[in-house]
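Here the protein sequences come in this chain order: S and X.
Taking this note's numbering, the leading residue of the first sequence gets 1, the next gets one more, and so forth.
Taking this note's numbering, the leading residue of the second sequence gets 1, the next gets one more, and so forth.
Hint data in this document are derived by calculation from the structure and do not stem from the laboratory.
Idealized CB from N, CA, C, for every residue including glycine.
Please note: incorrect hints may appear among the correct ones.
Okay, the calculated beta carbon distance ranges per label pair [unchecked claim]:
| # | chain 1 | residue 1 | chain 2 | residue 2 | range |
| --- | --- | --- | --- | --- | --- |
| 1 | S | 77 | X | 121 | 50 to 56 Å |
| 2 | S | 286 | X | 84 | 33 to 39 Å |
| 3 | X | 80 | S | 184 | 51 to 57 Å |
| 4 | S | 157 | X | 177 | 45 to 51 Å |
The calculated DMTMM-like cross-link candidates involving lysine to aspartate or glutamate, where the alpha carbons are at most 25 Å apart (straight line), are [what the hints assert, rightly or not]:
| # | chain 1 | residue 1 | chain 2 | residue 2 |
| --- | --- | --- | --- | --- |
| 5 | X | 49 | S | 18 |
| 6 | X | 67 | S | 329 |
| 7 | X | 16 | S | 11 |
| 8 | X | 199 | X | 310 |
| 9 | X | 15 | S | 18 |
| 10 | S | 177 | X | 7 |
| 11 | X | 43 | S | 57 |
| 12 | S | 42 | X | 66 |
These are the residues of each chain, in order.
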Amino acid sequence: MDNENSTHNFEFTGNASDYFGIWIVNMLLSIVTFGIYSPWAKVRNNKYLYGSTVVNDSNFEYTANPIRILIGRVIVIGSYIFYIVLADFMGYVIFAQIFLLAFLLLSPWLIRQAVIFRMRYTRYRGVHFMHSATVWQYYKFFIIHIILNIVTIGLVAPYTYKEFKSLILNNTSYGNKNFLFNGKTSSFYILFLKNIILVAVMFGFIFYMGSEYFSSISSLAKASKPEDISRNSIEGILVFLFIAYASFIIFGSLIKGLLEAWLGNIIYNNLSLDDFSFSSDWEALKLAWINLSNFILILFTLGLLYPYAKIRLIRHKVSHTYLSGDNFDGFINTCNEESRSLGEETADFFDFDIGI
Amino acid sequence: MNTFRVDFFDGKSSKKTTLTLDIHDSFIFFPEKNWKFSFDQIKVSTKIKGVSQTLNLPNGGYCSVDKNDIIELKKSFVSYMESKKTHIFISLVLIIALSLFALTYGSTWSAKIVANILPQKVSQIISKESFSFLKENYLKPTKLPNSTQTYLKNSFKKITPPSLHVKLHFFNSPILKENAFALPSGDIILLDDLVLKDKDKNLTGIIGVLGHEIGHVKRKHALQNIVKSSIVGVLSAYFIGDFSTIIATLTTGLVTLNYSREFEKEADEEAAIALKKHGYSLRPLINLFKSLKGHEIQSKLFSTHPLFKERIDFLEKSIP
Numbered sequence: 001m002d003n004e005n006s007t008h009n010f011e012f013t014g015n016a017s018d019y020f021g022i023w024i025v026n027m028l029l030s031i032v033t034f035g036i037y038s039p040w041a042k043v044r045n046n047k048y049l050y051g052s053t054v055v056n057d058s059n060f061e062y063t064a065n066p067i068r069i070l071i072g073r074v075i076v077i078g079s080y081i082f083y084i085v086l087a088d089f090m091g092y093v094i095f096a097q098i099f100l101l102a103f104l105l106l107s108p109w110l111i112r113q114a115v116i117f118r119m120r121y122t123r124y125r126g127v128h129f130m131h132s133a134t135v136w137q138y139y140k141f142f143i144i145h146i147i148l149n150i151v152t153i154g155l156v157a158p159y160t161y162k163e164f165k166s167l168i169l170n171n172t173s174y175g176n177k178n179f180l181f182n183g184k185t186s187s188f189y190i191l192f193l194k195n196i197i198l199v200a201v202m203f204g205f206i207f208y209m210g211s212e213y214f215s216s217i218s219s220l221a222k223a224s225k226p227e228d229i230s231r232n233s234i235e236g237i238l239v240f241l242f243i244a245y246a247s248f249i250i251f252g253s254l255i256k257g258l259l260e261a262w263l264g265n266i267i268y269n270n271l272s273l274d275d276f277s278f279s280s281d282w283e284a285l286k287l288a289w290i291n292l293s294n295f296i297l298i299l300f301t302l303g304l305l306y307p308y309a310k311i312r313l314i315r316h317k318v319s320h321t322y323l324s325g326d327n328f329d330g331f332i333n334t335c336n337e338e339s340r341s342l343g344e345e346t347a348d349f350f351d352f353d354i355g356i
Numbered sequence: 001m002n003t004f005r006v007d008f009f010d011g012k013s014s015k016k017t018t019l020t021l022d023i024h025d026s027f028i029f030f031p032e033k034n035w036k037f038s039f040d041q042i043k044v045s046t047k048i049k050g051v052s053q054t055l056n057l058p059n060g061g062y063c064s065v066d067k068n069d070i071i072e073l074k075k076s077f078v079s080y081m082e083s084k085k086t087h088i089f090i091s092l093v094l095i096i097a098l099s100l101f102a103l104t105y106g107s108t109w110s111a112k113i114v115a116n117i118l119p120q121k122v123s124q125i126i127s128k129e130s131f132s133f134l135k136e137n138y139l140k141p142t143k144l145p146n147s148t149q150t151y152l153k154n155s156f157k158k159i160t161p162p163s164l165h166v167k168l169h170f171f172n173s174p175i176l177k178e179n180a181f182a183l184p185s186g187d188i189i190l191l192d193d194l195v196l197k198d199k200d201k202n203l204t205g206i207i208g209v210l211g212h213e214i215g216h217v218k219r220k221h222a223l224q225n226i227v228k229s230s231i232v233g234v235l236s237a238y239f240i241g242d243f244s245t246i247i248a249t250l251t252t253g254l255v256t257l258n259y260s261r262e263f264e265k266e267a268d269e270e271a272a273i274a275l276k277k278h279g280y281s282l283r284p285l286i287n288l289f290k291s292l293k294g295h296e297i298q299s300k301l302f303s304t305h306p307l308f309k310e311r312i313d314f315l316e317k318s319i320p
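Same shape as in the complex, but just chain X (with noise of 0.2 Å):
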């Protein structure tokens, strides 16, 4: 038989009485109050360490426990494992691995479901905000010639996969400068001073470029990137946001950048492929990658794209 002291609180009003309890035989006695209840009829809270438990009885009153008192009618998991040491610290080594694994593979994997899953109508959306922006406050009119304009998109058109939606566009930008970029919906932008930049007299580094956005759209980088830093974004708010949302907004940053390296690398790859697929040579993009190496020192540090040495090495390797 166990006894306790408790509070006993009648619901209706603030009066406090102490009384006693007994527990013994699947039943509880208020010997003062010739009360007795069965184990079922009675409500106790489960215990939190140092806290009082209730135990709210059938009559609407209810009583607090001693806080050094527990009293387990059954079994309580949560309380389980809070109560040893061991418990909480194995608790501890399992979240910060969870995160790390949701953070990496947990959401890289998810994107990519996500963004096979969205409609097209999705990208065509998120692109067409982003396309007019651009061309109201970065992008001019092309100056290239139009055979070069005919022969890049004759060129462009031979090495697009035949299912796959993609749109070429020329335009000059005194900002951007030397630059290619793929939008989610297909749209490629092509800038004057990039194209300016090959020295192969085919262009041929250029249809390496156009190969490169190609696969970017074609393995849907750009929507994967934004769903995955809308999932990192929600993850880190609720789970560390808590307590310091530069912590959340940091985590964020470091696994997007990660990130891009990933989606370059494969776009290579897919340009690589595409190059040796119809007779071209890599030899001219890797002049001008290295062409370009020059001018990423200055920012290197802010740099989200990987060092260009890391890619043209990829490059020769990748000459049969």
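The following block holds chain S by itself, in its conformation from the complex (with noise of 0.2 Å):
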């Protein structure tokens, strides 16, 4: 035998058409329902996600229950009832903002939550996945970046960034088994620069092309009385700001495809679990591209379209996928359903995304 492992391909299944039908009937239900049934259309969307993520040869499963989302929502929208009827119809503006300030507070505590109930709900081949970590953990690592954010200036952002990802994959498992993300520094610093010349080019870009409407800026700008505002400055700045809306919206989905694209590479390419580990090779421009046509696909469909935007973003980041080694059945299940943590289910509603 070969001390080499064998490579799998992650392979997504799901079809546009049959999750347009999903999405359909899931709409449709919770509207007639007026929302009571989105928790179950949640869940039968992601089982349908999950279900069609395929490697080598079983399926990825969501489990959640979706009677416990549903409490969730509960809570958190009569809260959220709650704090309006405080801040806006009382007028009880220091109460108001006691409760976002606990909001505030609370949030490390809700994405610790959130993301415990992204794994526990994630099944493979029988076995769950976990998170870990504990509580000190996420407000430890809040307060030491908010710091050193603030002492920096922000310098240290991509650093944060990094060990933010480590913080959710280092303290995840796969039944007995952890994860481990070693991603270099040195790559966050690499995407956050590209990141910031990205969004540099796009201001540059539309500087370039409004310059001719300044002198319509200033004159309205200078105008005191509306009189003195002619037809021409104002059309003038309906161009330019559709030229500045129109730059965000192509840029804006562009470099969002092209940040993904090494982003998921920098994670996947730096995971490993066990004896396995992970590797991709998404393509920057064929997710840049992805994005820009998805989102005019759905703005000209009026939505209508973005079961296959959606399927085809999906489709492309797990194909492109890989899963490295042959012990496929030596994982132990650690998981008990039934032992669930406090407010799991609030922070689901967030959807906070994990990137995993």
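Both chains are given apart, each in its own frame, so use the hints to dock them into the complex.
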């Protein structure tokens, strides 16, 4: 036997037309039940997407219970209404501020609960994912990194981002085996630098395209009476706004695609699970194009092609991700689905994206 | 008898065993393991097209069925809906119809109900903030002579329905110019420039405007507007905000635009009734609208106000 591990390609078996049906029926049932069905819709949606993600002939599963999600949503919406009534209708501004502050102080805990929720209800070959970081680890992370970022005026942001990914991934396990993420801090700095350059290019483009309309803007700024505003200057500003908006949308979706691909590759190419190692080759330009064309498709079909857009994006990511290793039988399940920690479901409401 | 090949997991490890599963006579058999379960011992996940179903067994394990096989022990409404193209199409049509209904009639109707339920205190709190904001930023003391103020106050009292809480305030505003508006609390603000615009010697046009503003308060228009825009906002964020916040914002904007037209018309109706009831002519109000009409052309595109022409025509028709 050779020591070389075999490589398995992740595969996405879903398709837009099946997903469209699920999406439409979900939406109809959510509407006619005034939203009460929405947790069931969410579960069904995730069951489809997880269930269509396959590696080594076995699919992932989403096992969350819709009733628990419903309870979570009721709690969140209830507190939101409580807040609105206090702040806007009763005018107890200070009380409302305390409420808001409490929410802010709770957020590291909420993020942790959301990660736990997401992991616990993901299953593959009978074994659940688990997240075991302590509450203190999350608070410590936020306290240290908020201070660091203030002191260095944000220069450590890429490092913070890397540490956050590490906090999540290195405390996550599949059964009895831990994930290990050892991405380099330098690759995160390069990623942030690319991001800054791309955004600068976008603003440069807007500035360049809009330069001839600046005179209209300054004439509007100078006008003190409405009579002074000429039709031309209003038209100039409208054209400028159009250029700015269009650029934000076009550049925005392109940049988002590029960053997603680069980040995804950093994560998966540095991620391992015991004897297994992950790798990926998400194509940046391809994802940029998918993002942009998806936005246009969704806009012009008033959202009707959303399922197609979503499937397209997922398919590229999934089918360009790989897993090397052989011992698929060797994981021991450590999750007891009945032992839940408080508030997991409420955190799920915020749909915190943890990117794995 | 139905026979399937399934993947079995014992729930303790990731080890996969392929087993045969037979279904007959309300029982499920696993011949390799000599297991026999009745239907109510087993929890089957509802079928989603293209996704493996799972069967939870009472021994803590579960099986994963091939994604092309269907095991249905109980009928599932959702699977039934998803299974045919025509059902999906009907669902789509229903969604569009229901959303349009909710955004138009539904939200108007519920805004009306909510606005009537909300206690007066709510209106006062909402108005207090906006009133002090206006006073700080836009409103200056009035320059109208005391006699004019007293005259208008008396006429205002005369046309106000007895049980309605309204209060008239005079202000001057170089920014807001010829304007008048009503806050949900019943505070009605009349600006000097508008008064100067009325060429009628008895200021009957202004009395008409006051009747119009009283109409807004009486019918709780401002409150309904607030309630409705929040309903529409929440609805669109919930159902379509999912894929594009732009569309959601657009919808909110369009609906509220249409809304004020309707309300202005209702308030004009109230004004016409009040004027006629107290023996005033409608003519000065029409003239006042006509003189304001010249000003709207500039910003017609962005104006949420209904076209004055429409409103003038309506008042012309109301003259007996």
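Which of the listed hints are broken here?
Going through the list in order, the structure violates hints 1 and 9 and respects the others.
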